[in-house]
Structures are given as structure tokens and as C-alpha cells.
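Please put together the full structure from these sequences, using the hints given.
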Amino acid sequence: MSKLALVTGATSGIGAAFAHRLLRDGYDVIAVGRRKERLEELAEAYPGAVRTVVADLSTESGIDTVSGLAAAESLDVLVNNAGVAHYMPLADLPAAKAKELVNVKVLAPTLLSRAAVPSMVERGRGTIINVSGMIAFSGPAPHSQMPRRVVYGGGLAYLVTMSQTLSAELEGTGVQVQVLCPGVVATEFHQRQGIDMSAVPRMSADDVVTASLRGLELGETVVAPGVEDAGLLQAVFDAELAAFHAQSPQLAGRYRVD
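For the sequence shown, position 183 matches number 198 in this note's numbering, and the numbering has no gaps at all.
I should point out that these hints are in silico values taken from the structure, not numbers from a laboratory.
Take these hints with a grain of salt, some might be off.
Calculated pairs, DSBU-like style, for lysine-lysine (alpha carbon to alpha carbon, straight line, at most 35 Å) [claimed, not checked]: (1) K51 - K112; (2) K51 - K18; (3) K114 - K18; (4) K51 - K114.
Below, the structure is given as C-alpha cells:
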């Protein structure tokens with residue numbers, strides 16, 4: 016019996032790379048995206064192995080549709096990859112685009128994971144991959160170093176913490192949770208934002224998927240495909256835990272007013 020994967024944002028970039036890799040590895044794939052013609056091309060390339068679902072995860076109805084599938088199907092793999100960018104300062108970000116970002120990068124992965132987890136736990140196996148990005152770690156960067164992408168960056172950071180916490184919550188169940196944090200990737204993503212990245216060195220989407228699948232084998236919860244020294248990531252997590260455990264019910268001295 017074939018294993019089953021559900022991939023969101025499967026019409027291009029990292030999502031398409033995941034879909035193709037999983038299909039070549041013998042999975043049946045439920046491919047979710049907004050562009051019907053792209054989904055049909057994928058299905059034609061793998062006859063009988065692809066179920067297409069046209070859904071917009073920036074909408075309540077789209078999230079409900081795909082969450083229903085995640086709950087009803089016995090998924091072996093869930094890849095929460097769908098994304099939008101809208102790179103602009105918060106004051107310039109239209110409310111509709113802010114909602115779209117939060118729905119796609121926060122609400123949809125949360126509800127799809129929630130829908131998929133019970134069946135995975137019951138069967139004692141399953142994998143959830145949440146596609147975030149290295150911008151999740153860019154909060155401390157000064158404006159001169161990196162333009163602010165407040166809602167986008169915040170959404171990616173949410174995926175990191177959510178995935179780490181869910182991984183701990185599911186320890187011992189046989190269900191793996193990973194958050195995938197690529198840097199700049201050679202996809203249509205920036206092009207759709209009107210940003211020319213042609214002169215910037217970029218990783219391929221296939222390499223990102225290779226890192227993700229190898230990271231599962233290594234037992235990594237946070238996978239950063241372009242970071243050679245994994246100790247750098249561990250140093251970040253150690254510092255976070257040090258601050259967390261150092262808290263006290265007493266007011267810190269720097270905040271006391273004599």
C-alpha cells in the first residue's frame with residue numbers, strides 16, 4: 016500500500032520539489048495549490064498518483080477544506096509549505112495582506128497540523144514538515160542590515176517555536192515534526208513580489224528538499240539547509256533556554272527604581 020503525503024503550495028518552488036520527490040519515492044500525493052493548471056500538469060506527469068485540490072489557504076473556506084482532508088485521510092507526511100511574502104513595513108501593509116500572511120503562514124499550518132496529528136499518533140507514525148525560513152531568526156538585525164518584514168518574519172518565527180514545541184509534545188509517539196528554514200532559494204517567490212534576485216546566489220529547491228529529508232534521518236527538528244555549522248543553531252536554542260530558565264518572580268535589578 017502506497018504511503019500518502021499532503022503538500023500545500025505544491026504548484027511551484029519548494030512545494031513542487033517536495034511533491035516530485037515524494038512521488039518519485041513512491042508516495043501518493045494530495046497536491047494543494049491555487050493554480051489549477053499547474054496542479055493538472057503535476058497529475059498528468061504521475062498518472063494515478065496525484066490528487067489535486069484547488070484551495071486558497073488565505074481564506075477560511077480554503078483552510079477548512081484542506082484541514083478536513085488532513086483529518087479524514089491517513090497521512091504519512093504533511094508538508095505545510097504554502098506561502099506569501101508581501102515585503103513591506105507594517106504601516107504600509109494593507110490589512111487584507113496582513114490577514115493573508117497570518118492565515119497562510121500561521122493559521123493554516125496550525126489547523127492542518129492539528130487535523131493530521133490524531134491519526135498519526137493513533138498509528139504511531141507520521142511526519143509534519145513546516146516550511147519557514149532563515150528570516151525567522153532575523154528579528155535582532157538592524158534596519159541597515161535587513162529591511163523589516165514584520166508580519167512575514169513574525170509568521171516564520173511562529174513556525175519555528177510551534178514546531179519545536181509540537182515536536183516535544185509528540186515525543187515518544189512515533190510522529191516527527193520538523194521546521195525547515197531555507198535562506199534565499201531559486202524559485203518564483205521573489206519574482207512574484209517584483210524583486211529581482213537573479214544576481215544573488217541561491218540554493219535550489221531540490222537541495223532544500225534533500226536537506227529536509229536528510230534532516231529527518233538525523234532527527235533534527237530545525238533544519239537550516241545553508242548553515243554549515245549546526246552548532247550556531249544550537250547556540251541560539253541554548254541561549255533561549257538559558258534566558259527562559261533564568262527568570263525569577265523578583266523584579267530584575269535594571270528595572271528597579273530606588
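35 Å limit on alpha-carbon distance, applied to hinted pair K114 and K18
holds (34 Å)
Assess, step by step, whether the Cα of K51 is no farther than 35 Å from the Cα of K114, and give holds or violated.
Since the Cα atoms of K51 and K114 sit roughly 23 Å apart, the hinted pair holds (cutoff 35 Å).
Against the 35 Å threshold, does the CA-CA distance of K51 and K18 hold or violate the hint?
holds (24 Å)
Has the given pair, K51 with K112, been kept, meaning a C-alpha gap of at most 35 Å?
holds (22 Å)
The structure meets every hint from the earlier list without exception.
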